[in-house]
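Participant: Sequence:
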Amino acid sequence: MSLLLRTGLGYLSKVSDNLLRKNIGGICRPSKFAQHRCLTTTPQRRKKETFEITFVLENGTKYTATGKAGDNLLDVVVNNNLDIDGFGACEGTLACSTCHLIFKPEDYKRLKETPTDEELDMLDLAYGLSDTSRLGCQVYLTKELSGMEVKVPAGVNDARGTDT
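Just so you know, UniProt numbering puts 30 at position 30 of the sequence shown, and the rest follows in order with no gaps.
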């Protein structure tokens, strides 16, 4: 590589680093693994508020678990290692209805987001469908939902099918 080209690239690198630091320094910060060349938008870790949710099985067993704001109810079940058979088989990709939950009418009204068409299509395949049914992978925790109880239906229908 020629000296002129190396000098030009070095100059551009310094100029771009300075511009990035001045213009987006509040948004991005240098990665601790690089020497101010690589920027990351990873937010600094903040403590998130936690909320309790109770899952009620068909046999009356209750599991109370905690989750953080922004977690979906599937995350809460998985992160707390709750023993709910078959729950979340597709890992939240909207390919099954195994995380089907039934909300109390008053709790259902507190949900901020309405179900998408894709979620409604999956719910059509769920056993024990009710007017207050939602998929746990599509319901995200907020302060308003803290302390609620949700019912886990008796049967699950894994809509993904099997290739045997």
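These aren't lab readings, by the way, just hints derived from the structure by calculation. Hints may contain errors.
Result set (DSS-like, lysine-lysine): computed pairs, CA atoms no more than 25 Å apart in a straight line [claimed, not checked]:
| # | residue 1 | residue 2 |
| --- | --- | --- |
| 1 | 47 | 68 |
| 2 | 143 | 109 |
| 3 | 68 | 48 |
| 4 | 104 | 143 |
| 5 | 143 | 47 |
| 6 | 47 | 109 |
| 7 | 47 | 104 |
| 8 | 143 | 62 |
| 9 | 109 | 62 |
| 10 | 68 | 109 |
| 11 | 151 | 47 |
| 12 | 151 | 112 |
| 13 | 112 | 47 |
| 14 | 68 | 143 |
Participant: If a hint holds in the structure, say so; if it doesn't, say that too.
Facilitator: Cross-check of the supplied hints:
Under the criterion of a C-alpha separation no larger than 25 Å, the hint pairing residue 47 with residue 68 is consistent with the structure, at around 9 Å. Note on residue 143 and residue 109: the hinted pairing holds, with a Cα-Cα distance of about 14 Å set against a maximum of 25 Å. Straight-line distance between C-alpha atoms of residue 68 and residue 48 comes to about 6 Å, which keeps the hinted pair within the 25 Å bound. Restraint check: the Cα-Cα separation between residue 104 and residue 143 comes to about 17 Å, which is no more than 25 Å; the hinted pair holds.
A threshold of 25 Å between alpha carbons decides the hint, and for residue 143 with residue 47 the separation of about 15 Å falls inside it, so the pair holds. Annotation: proposed proximity of residue 47 to residue 109 is violated, straight-line Cα distance about 28 Å (limit 25 Å). With a CA separation close to 30 Å, the supplied pair residue 47 and residue 104 exceeds the 25 Å bound. As the CA atoms of residue 143 and residue 62 are separated by approximately 21 Å, the hinted pair is consistent with the 25 Å bound.
A distance of roughly 22 Å separates the Cα atoms of residue 109 and residue 62; the hinted pair therefore holds under the 25 Å criterion. For the suggested pair residue 68 and residue 109, the alpha carbons sit about 21 Å apart, so the restraint of at most 25 Å is met. Proximity of residue 151 to residue 47 is assessed by CA-CA distance (about 29 Å); at most 25 Å being required, the pair is judged violated. For the hint linking residue 151 to residue 112, the alpha-carbon distance of about 19 Å falls within 25 Å, and the restraint holds.
A hinted pair counts as satisfied when its Cα atoms are at most 25 Å apart, and residue 112 with residue 47 qualifies at roughly 23 Å. Straight-line distance between C-alpha atoms of residue 68 and residue 143 comes to about 9 Å, which keeps the hinted pair within the 25 Å bound.
Hints 6, 7, 11 from the list above are not met by this structure, while the remaining hints are.
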